[in-house]
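Asks: I would like the entire structure built from these sequences, with the hints used as guidance.
So the protein lines, in turn, are chains B and P.
Here our numbering runs 88 ahead of the position in the first sequence, where the first position is 1.
Here our numbering runs 26 ahead of the position in the second sequence, where the first position is 1.
What the hints contain is simulated information worked out from the structure, not anything from laboratory work.
Fair warning: there could be bad hints in the mix.
[To be verified] In silico contact screen, one side only, chain B against chain P (beta carbon under 10 angstroms); selected entries:
(1) N105
(2) Y107
(3) L111
(4) L153
(5) E157
(6) G180
(7) T183
(8) A245
(9) P312
(10) I345
(11) G346
(12) N355
(13) Y357
From the three backbone atoms N, C-alpha and C, an ideal C-beta is built for every residue, glycine too.
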Amino acid sequence: MTVSDISHRPRFLAQGNVYLPHLAVIDKTIDETYDTRTFHFNFKDEQLREEFTFDSGQFCLLSILGVGEAPFCISSSPTRQDHLECSIRQVGKLTRALHRLGEGAEIGFRGPYGNSFPLNFLKGKNLVFVGGGIGLAPLRSLIWNVIDNRDSYGNIAIIYGARSPADLCFRYDLEAWDKDKTVNMVTTVDKGDDGWTGRVGLVPAVLEQVAPSAKNSVAIVCGPPIMIRFTFPVLERLGFTPEQMLTTLEKRMKCGIGKCGRCNIGNIYVCRDGPVFSYAQIKGFISSEY
Amino acid sequence: MPSRDEGVTNWARWDNEGASFLDWYRNTVVPPKAIFLPPMEAMFGFQKDKEGYHLELLASDEQKWLIFGIRPCDAKALAILDMTFNDAYEDPYYLAKRKQGVLVGLGCTRPYDSCFCTSLDSSPTDATNVDLMLTDIGDKFLMEAITDKGRELIARTNLAQAATKADEARAKKAKQVANSKVTRKIDTRGIGEKLLSCFDNKDYWEKIAAKCISCGICTFLCPTCYCFDINDELVKNQGERFRSWDSCAFPIYTKMPVENPRQEKWRRLRQKVCHKYEFYPLNFEVIACIGCGRCIRQCPVNWDITQILDNLPQAQLKLEKC
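Replies: Take a look at the structure:
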């Protein structure tokens with residue numbers, strides 16, 4: 089069974105020319121770190137605002153017309169859909185240009201694309217979220233989704249780390265999850281600073297210390313590739329099977345719909361068949377192409 | 027219609043005069059995919075004013091096409107491209123042009139020595155993917171209507187005469203002769219499994235990639251390569267989003283801010299070979315190569331895909347590593 093088979097929610101599918109973006113307006117921006125900013129935005133078209141749906145784990149292509157287009161995960165939860173959120177780190181031409189936009193600026197939006205986290209598969213299970221840096225963005229959509237339907241899931245553990253305290257994203261969420269008695273929130277940094285009193289250590293190592301039980305559990309992992317690579321073996325040692333490990337992958341993309349060619353891992357296209365995969369699906373390729 | 031410009035054969039609009047190309051035409055350098063997926067194509071325009079952006083779809087291409095003289099291999103390539111552009115999300119640009127097109131195939135009489143279509147379920151006289159098929163029988167052509175579009179074309183011309191038994195016999199003979207002229211062969215049995223088994227054989231891929239200069243010509247001129255890039259152009263407050271051919275031969279094709287899964291040349295060449303012979307068959311049950319030989323003829327360093335496939339190392343135990 090592939091991951092995409094176990095999500096049954098009806099999908100919103102854009103009508104007409106799939107390459108034509110919808111215009112959206114930025115309502116608000118939040119600085120997450122020195123180089124990462126979250127954008128809250130909404131569609132210009134009222135009908136679309138009403139009809140639009142997406143699932144946690146799906147992504148979109150944002151553009152500034154005249155500058156370019158790139159894929160970003162939707163970091164807000166479909167359970168809180170008065171607006172959409174994308175959290176964007178400055179790394180190139182488009183993301184720098186996006187960071188120069190303020191409230192009221194217009195952006196192009198295509199999507200939602202890709203599969204999503206398999207909610208039906210996750211229901212009733214204990215969930216272990218393992219995130220690193222901006223990799224918390226797609227997990228955050230699912231975490232809020234799960235918290236908003238708290239009774240449907242078992243224990244929740246969140247292990248989140250960043251390079252330094254200054255690199256921690258979504259501090260307001262981390263605080264909220266820390267206060268939530270039903271969530272085991274563990275925050276760590278690779279290297280602390282003078283003001284840091286929390287945990288210090290790399291995410292895979294901290295995961296091994298926290299040692300969540302694999303019984304009736306699913307681990308959902310997202311972060312830089314190096315973190316993902318080191319996290320899977322730890323999970324295996326903790327007794328998680330490849331089917332119990334989910335991740336969401338990132339690749340360079342242009343079309344988002346399985347045509348432009350570049351986001352493949354073997355015969356799988358991350359945009360069309362992913363971005364959510366179980367470790368079982370990508371295990372064979374992780375050494376050589378990811 | 028094939029046309030020759032400074033010695034290079036390409037597709038050009040018919041000049042309403044003769045068909046002298048029949049004397050020298052073997053195949054075009056640029057494949058007919060360029061008509062349906064142009065090297066560069068505007069997708070839509072936009073304007074910016076005080077109220078924001080305004081998108082405008084460019085006038086859709088209503089023009090009808092008739093491609094005269096498409097080779098059977100190239101027609102098969104279009105059928106292969108259709109699978110990708112029809113898959114899950116329809117590609118409006120490619121499909122609109124494709125729907126407007128009629129393909130008049132012309133069987134090959136002089137295949138190149140780099141041709142190997144007969145190894146890929148096709149032949150120089152394969153009529154499967156055209157609307158109307160022509161076979162050269164000396165002083166005239168035998169026409170076979172394959173689709174309704176082809177039958178309609180025949181009905182509209184007053185130049186066609188009913189074929190005689192002798193004409194049909196000559197066509198059959200001509201086809202046999204043409205097919206026997208394709209002498210290059212590859213063995214495609216189990217090719218996907220073979221490629222899978224040597225996916226991690228870095229030594230082999232490095233060896234076959236050594237002389238490649240990553241110019242990308244084998245992908246640009248490949249009739250089944252469809253990868254494209256999307257970019258924007260802006261002049262003052264007016265611009266266009268356009269797409270253009272891209273190639274897995276270039277490192278930037280997969281470059282991400284932090285990592286690049288195919289930075290090294292051997293990984294890129296492996297992708298090209300495996301995409302055509304392993305991945306595409308897994309997704310669409312057809313090898314994405316038609317044996318037209320363009321990548322062999324046009325490669326500046328004589329890279330030869332048939333040699334690469336013939337010399338795949340024997341299956342070895344695959345080690346799993348993380």
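Asks: For the hint on P312/B, does the least C-beta distance to chain P fall short of 10 angstroms?
Replies: holds (7 angstroms)
Asks: Holds or violated: N355/B as interface residue toward chain P, Cβ cutoff 10 angstroms?
Replies: holds (4 angstroms)
Asks: Any CB of chain P closer than 10 angstroms to the CB of L153/B?
Replies: holds (5 angstroms)
Asks: Is the interface hint for Y107/B satisfied, with its Cβ closer than 10 angstroms to some Cβ of chain P?
Replies: holds (5 angstroms)
Asks: Would the hint on G180/B be counted as holding, given a Cβ-Cβ threshold of 10 angstroms to chain P?
Replies: holds (6 angstroms)
Asks: Regarding the hint that A245/B lies at the interface with chain P, is the smallest CB-CB distance below 10 angstroms?
Replies: violated (23 angstroms)
Asks: When the nearest CB of chain P is found for I345/B, is that gap smaller than 10 angstroms?
Replies: Hint on I345/B: holds, closest Cβ of chain P at ~4 angstroms, below 10 angstroms.
Asks: Taking 10 angstroms as the limit, does the beta-carbon of T183/B come near enough to a beta-carbon in chain P?
Replies: This interface hint holds because 8 angstroms falls under the 10 angstroms limit.
Asks: Does G346/B hold up as a contact with chain P if the rule is Cβ-Cβ below 10 angstroms?
Replies: holds (6 angstroms)
Asks: For the restraint on E157/B, tell me whether the closest CB of chain P is nearer than 10 angstroms.
Replies: This hint holds: E157/B lies near chain P, its Cβ roughly 6 angstroms from the closest one there, short of 10 angstroms.
Asks: With 10 angstroms as the cut and Cβ atoms as the points, is L111/B at the interface with chain P?
Replies: holds (6 angstroms)
Asks: Take the shortest C-beta to C-beta distance between N105/B and chain P; is it under 10 angstroms?
Replies: Result: holds, 5 angstroms to nearest chain P Cβ.
Checked against the numbered hints listed earlier, the structure breaks hint 8 alone; every other hint is satisfied.
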